[in-house]
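Q: Sequence:
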Amino acid sequence: MICKKSILLTIMLFYSIFTIGQKQQLIGIGVIGEMNNNEKNTHTGYALSYENQLSKNHGFEIGYNKRSVSYYYTLPVGGNDYPVRVKYNFVSLPLLYKFYNKIVNVSTGVNVDFLMGWKDVTKNSTTELISTSLNPNVYVGWYVKVGKPISLTPKLLIEPEIHFNTLFSSSFSCYYGTALKLKYRLW
1 MICKKSILLT
11 IMLFYSIFTI
21 GQKQQLIGIG
31 VIGEMNNNEK
41 NTHTGYALSY
51 ENQLSKNHGF
61 EIGYNKRSVS
71 YYYTLPVGGN
81 DYPVRVKYNF
91 VSLPLLYKFY
101 NKIVNVSTGV
111 NVDFLMGWKD
121 VTKNSTTELI
131 STSLNPNVYV
141 GWYVKVGKPI
151 SLTPKLLIEP
161 EIHFNTLFSS
171 SFSCYYGTAL
181 KLKYRLW
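Number 116 in the numbering used here belongs to position 116 of the sequence shown; there are no gaps in the numbering.
Treat the hints loosely; a few may be bogus.
[Stated by the list, open to error] DEER-style ranges, computed between Cβ atoms:
(1) Gln24 / Tyr72: 42 to 50 Å
(2) Val144 / Thr42: 15 to 23 Å
(3) Tyr73 / Tyr50: 32 to 40 Å
(4) Tyr184 / Tyr72: 36 to 44 Å
(5) Thr153 / Tyr82: 50 to 58 Å
(6) Lys119 / Arg185: 34 to 42 Å
(7) Tyr73 / Val138: 16 to 24 Å
(8) Ser151 / Tyr82: 49 to 57 Å
(9) Pro83 / Pro149: 40 to 48 Å
(10) Ile150 / Cys174: 22 to 30 Å
It is worth saying that the hints were derived from the structure and are not from the lab.
Virtual Cβ for every residue (Gly too), placed ideally from N, Cα, C.
Please build the complete structure, drawing on both the sequences and the hints.
A: Laid out in structure tokens, this is it:
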């Protein structure tokens, strides 16, 4: 008897969260600027997102971020050391829980970064980097961001954000930055 009551209660809870409690769905596009804590240079990228506010204060957000990170290396050639700068390109896929508040919105969750390629961006170099190895090609991290939505029209809003991602088992260790997203309310 207790098992049937638990199952019924669980079904009612999920029904109320996923149907009656839905407040809004939004899609967004924006620009991001990031720095990592090893090299103090910034890179810009773009972000796409979908969020679903399930109740007054709770929801989730999934995203697609295109971002870059650069590092300086020293290549020993013929007894001399030559500085080389390499730019790594990533696609990040965050899956976040989002807490909605009148003051700020806070999102946190898992982020997966996929290495998509690299480029030697050294200026005035006498050497050329032919290959680089970055292992692994997939990085997992914990992502936290804070944003404040500003309504432009009943359907359109803009949300400035700050974010931080700590990567597990990575030489990059963490990165942080800002974003400015234009969001559209689907309903």
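Q: Run every hint past the structure and note whether it holds.
A: Verification of the hints:
1. Gln24 / Tyr72: 42 to 50 Å: Because 45 Å falls inside the window, the suggested range holds.
2. Val144 / Thr42: 15 to 23 Å: Since the Cβ atoms of Val144 and Thr42 sit about 19 Å apart, the hinted range of 15 to 23 Å holds.
3. Tyr73 / Tyr50: 32 to 40 Å: holds, 37 Å
4. Tyr184 / Tyr72: 36 to 44 Å: Given about 40 Å between the Cβ atoms, the range holds.
5. Thr153 / Tyr82: 50 to 58 Å: Given a distance of about 54 Å, which is inside 50 to 58 Å, the answer is holds.
6. Lys119 / Arg185: 34 to 42 Å: holds, 38 Å
7. Tyr73 / Val138: 16 to 24 Å: holds, 22 Å
8. Ser151 / Tyr82: 49 to 57 Å: Because 53 Å falls inside the window, the suggested range holds.
9. Pro83 / Pro149: 40 to 48 Å: Roughly 43 Å apart at Cβ, these two residues keep to the hinted range, so it holds.
10. Ile150 / Cys174: 22 to 30 Å: holds, 28 Å
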